[in-house]
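**Student:** Residue numbers (this note's numbering), protein chains in the order written: chain D, 1 to 149; chain Z, 1 to 149.
Treat the hints as calculated values from the structure; they're not laboratory data. Among these hints, one or two may not hold up.
If chains are identical, the list can't say which one is meant, so a pair holds when it fits in one copy or spans any two.
[Stated by the list, open to error] The list that follows gives simulated cross-link-like pairs (lysine-lysine, DSBU-like), each with its CA atoms no further than 30 angstroms apart:
#1 Lys-145 with Lys-47
#2 Lys-131 with Lys-115
#3 Lys-20 with Lys-10
#4 Lys-47 with Lys-115
#5 Lys-10 with Lys-147
#6 Lys-92 with Lys-147
#7 Lys-115 with Lys-20
Keep in mind it's a predicted model, so treat the numbers as computed, not measured.
Protein chains: 2
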Amino acid sequence: MAELYFEDFKVGDRFVTPGKTLTEKEIIDFARVYDPQEFHLDPVAAKQTIYGGLIASGFQTLAFGFRLVYDTGILTAASMGSPGFDELRWLKPVRPGDTLHVEMEVTESRPSQSKPDRGIMRAAYRYLNQKGEAVLTYTAMHLLKRKPA
Amino acid sequence: MAELYFEDFKVGDRFVTPGKTLTEKEIIDFARVYDPQEFHLDPVAAKQTIYGGLIASGFQTLAFGFRLVYDTGILTAASMGSPGFDELRWLKPVRPGDTLHVEMEVTESRPSQSKPDRGIMRAAYRYLNQKGEAVLTYTAMHLLKRKPA
Numbered sequence: 001m002a003e004l005y006f007e008d009f010k011v012g013d014r015f016v017t018p019g020k021t022l023t024e025k026e027i028i029d030f031a032r033v034y035d036p037q038e039f040h041l042d043p044v045a046a047k048q049t050i051y052g053g054l055i056a057s058g059f060q061t062l063a064f065g066f067r068l069v070y071d072t073g074i075l076t077a078a079s080m081g082s083p084g085f086d087e088l089r090w091l092k093p094v095r096p097g098d099t100l101h102v103e104m105e106v107t108e109s110r111p112s113q114s115k116p117d118r119g120i121m122r123a124a125y126r127y128l129n130q131k132g133e134a135v136l137t138y139t140a141m142h143l144l145k146r147k148p149a
Numbered sequence: 001m002a003e004l005y006f007e008d009f010k011v012g013d014r015f016v017t018p019g020k021t022l023t024e025k026e027i028i029d030f031a032r033v034y035d036p037q038e039f040h041l042d043p044v045a046a047k048q049t050i051y052g053g054l055i056a057s058g059f060q061t062l063a064f065g066f067r068l069v070y071d072t073g074i075l076t077a078a079s080m081g082s083p084g085f086d087e088l089r090w091l092k093p094v095r096p097g098d099t100l101h102v103e104m105e106v107t108e109s110r111p112s113q114s115k116p117d118r119g120i121m122r123a124a125y126r127y128l129n130q131k132g133e134a135v136l137t138y139t140a141m142h143l144l145k146r147k148p149a
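Turn these sequences into a full structure, and let the hints steer you where they fit.
**Tutor:** Rendered as structure tokens:
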């Protein structure tokens with residue numbers, strides 16, 4: 001795809017990723033390293049919890065969806081990282097075999113006051129499962145390179 | 001340690017974790033799966049970016065510090081997951097070999113209105129590096145089991 005820079009993201013622009021399935025093995029592998037709560041790690045013990053079975057760590061869901069966005073290529077040329085995210089809400093459990101996709105909408109865009117090479121773009125993210133249910137929402141700030149002269 | 005439940009977390013209580021070092025291999029392994037931006041994935045290409053070298057994905061830093069908190073045992077008995085986090089701010093890059101620890105302070109605590117088995121605890125998190133610099137701050141909501149009768 002064409003390289004996108006700060007100037008290419010306009011308020012109201014929307015991007016939708018393809019879907020990808022999260023497996024039980026991926027959920028357990030992540031949990032073992034980063035979030036070994038029983039409902040993320042142990043399919044048997046998870047049955048006795050309020051979730052009734054294994055669910056993905058919210059940290060994993062967050063990163064898994066970012067990868068879907070990144071793989072579209074829209075951020076490849078311009079991304080300089082993020083200063084912060086707001087209002088993360090995990091709305092529904094993500095279970096083994098769920099297929100997630102991500103919707104992103106640009107909500108704000110302004111050039112940096114102090115650094116002429118970059119701008120700050122704010123975007124609203126929604127992660128949806130195969131039933132169309134929102135499982136995670138948040139807004140993110142992105143530092144983006146301005147278009148080369 | 002003693003099992004802690006919702007009632008054991010009082011506003012103003014503070015917890016501090018031991019430190020743990022994040023390696024270059026861990027940073028690259030995470031980046032390959034979840035966040036393959038060049039400043040997270042490729043130590044050579046990272047030198048040409050604004051960061052001047054490899055830095056950890058912010059998603060990884062977030063989860064790495066949660067693991068430090070979880071390993072203290074304070075959440076083991078009571079945690080029922082989290083409905084959301086607010087005001088995540090990545091303040092400083094985290095580089096290979098950095099040693100992080102986490103400070104957590106309880107800022108709010110209220111029983112669930114609808115579900116008598118649980119309460120909601122809000123806590124302010126600060127992740128610090130070996131120089132005492134804050135690298136990540138946020139507030140988290142925790143669903144916590146109430147003490148068994």
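**Student:** Against the structure, test the hints numbered earlier, and report the numbers of the ones violated in rising order.
**Tutor:** Of the numbered hints given earlier, the structure breaks just one, which is hint 7.
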